[in-house]
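Student: Using the sequences plus the hints, can you model the full thing?
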Amino acid sequence: MTHAEASAAAPILEVRDIGKTYGSILALQGVSASVGVGEVLCVLGDNGAGKSTFIKILSGAHAHTQGKLLAYGIERTFGSPREALDLGIATVYQDLAVVPLMPVWRNFFLGSEVTRGFGPFSQLDVKGMRRITKEELAKMGIDLRDVDQPIGTLSGGERQSVAIARAVYFGAKVVILDEPTSALGVKQAGVVLKYIAQARDRGLGVVFITHNPHHAYPVGDRFLLLKRGTSLGDFKKSEITIEEMTKLMAGGAELDALAHELARS
Amino acid sequence: MTLTAPAVIDERIKPAGLIITLLRRPEVGAAVAALAIFIFFSVSTQAFLTPAGVATWLYSASLFGIMAVAVALLMIGGEFDLSAGAMVGTTGLIVGIVTTEWGVNIWLALVMALAIALAIGAANAFVVMKTGLPSFIVTLATFFILQGVNLAVTKIITGTVSIQGMSAVPGFDAVRVFFGSSFSLFGMDVKISIVWWLAITALATWILLRTRAGNWIFAVGGQITSSRQVGVPVMKVKMGLFMTTAGAGWLVGMLQLFDVSTVQATTGIGQEFIYIICAVVGGCLLTGGYGSAIGAALGALIYGMTLQGIVFAQWDNNWLKAFLGGMLLLAVLVNLYVRRQAGVRS
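Same order as they appear, the protein sequences are chains Z and E.
Residues in the first sequence are numbered consecutively from 1, following the working numbering.
Residues in the second sequence are numbered consecutively from 1001, following the working numbering.
No lab work stands behind these hints: they were computed from the structure.
Do not take every clue at face value.
Think about it this way: if two alpha-carbon atoms lie no more than 30 Å apart in a straight line, the pair counts; the simulated DSS-like pairs of lysine-lysine are [stated by the list, open to error]:
#	chain 1	residue 1	chain 2	residue 2
1	E	K1236	Z	K56
2	E	K1130	Z	K56
3	Z	K127	E	K1236
Note that the structure is predicted; figures quoted are calculated from it, not measured.
Tutor: Right, here's the structure in full:
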């Protein structure tokens, strides 16, 4: 991690004036934001605001076509999600990449299983993997009685947290969460927000994508507001209130007009 | 379990009792059924529990069991292979024809048949994976192709529909040690295929539960997109599974050929569904991602015991099919119940 030490002051991940065109379609342009150690960057926007494109650029699924992307202060263009992962940038997608019928610990290590022994005789280190899963989940504040239960039996919030814990264990420095609270009820969403705070307190950078200002505001340090593929600004928490944020997202004037229209005369 | 952690008991999760924990094991239903059938025929017929009787139903079970275990692995991996039965005939016929008609060395013939079987398995996998078509359809096609070729080619070359003169082939007795021999144990004449069956069940269980490959088999059958996302080599896993099933077909083909030293062109036809039934009775889900090799072996044991038990009881043989259907329905219902008890949301 010499490059990290050399630029310790630099944020883990930074974009400057970044943009992406698909053929003649401008999906995103002129977006600047950054996320540092122990920071939560919330990316807010309505449907079609460019949130997905933004994630795809950060996670390495699509390369950007304009502007700069910097990881630890060094300019990068990701050719594949693997390249982003190797730099510790992990994405937790909405479907969470879990196999519902498999036990929690098998899901935790799926694709990166720990084995012992040589060649054809190597076998899974079941005990070790069970223990690590339990420990890692405990660090996220999840106390599972039984890591052998199918992951499908966990609640939505818990599954989300297992996915986050997995990303962290396998070396993530920044976790990108794609709408982790959108499918959850109020209480479960609260649980996920708690885990986001937990991840932040452990020194991770978190990029939290959502369309709900009420989920973003309590946990976020910085807020990037997107609308129709452009940035409405990158705000610190002290610079914006939740009402202003909601208004900006919806397009203040439009919301006022709507309120007027809906009001009883 | 969690002595150090503060015990936060979630009131929504009932403590899983012993019965539920047991029911979570896919093979438990089959074990109970196997025991019941064993007791039933032991009590109701005289021949069932004699050494000769036991050897007979164990032999039956072993031939189905080897295939059922391979098919179970494939089903856990989310695929079907309807050509598995015809493969037994194809491999037996290849060895029979090339040795008796063309005088090919018997060991070479074994290797040839295995290579062809594996190639057909790989072809099944390739078509399924590249086209995304259901394996049910793809292997149904393979099944009909093999069935037709088995009959037509055997007729063209030998003029009949079976292989004769196998035992006169040089080296037959040497090969027979591995595939057609037997030894005596507790007064039983134990056929070597029973040893193969037990060994393969043990190996498959170890692979499923204790190796990386096993983890991947459950994963590709359970949720293929998630498996891809976390880096499981999906194509390799499925290819390996189809080739394993084909390889098991070869083994059973050899076990039958060297036991009775002849093979019919229709060998194995109609057995493919029995393998699937054994796997399902043993706890495999038709949708993949769940099941057990021991369960499939128990499913085959149930089939073997019933097949011979009905003979010993001197009932009409046709009751077997009706029984099989009943068992299948029961097994599927038990599976459904288990999945609900385990609270699995898919």
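Student: All hints, please: hold or fail.
Tutor: Hint-by-hint comparison with the structure:
A C-alpha spacing of about 28 Å is found between K1236(E) and K56(Z), which places the hinted pair at or below 30 Å, so the restraint holds. Between K1130(E) and K56(Z), the direct Cα distance comes to roughly 26 Å. Compliance with the 30 Å bound is thereby established for this hinted pair. Taken as a hint, the K127(Z) and K1236(E) pair is honoured in the structure, with Cα atoms around 27 Å apart against an allowance of 30 Å.
The earlier numbered hints are all upheld by this structure, with none contradicted.
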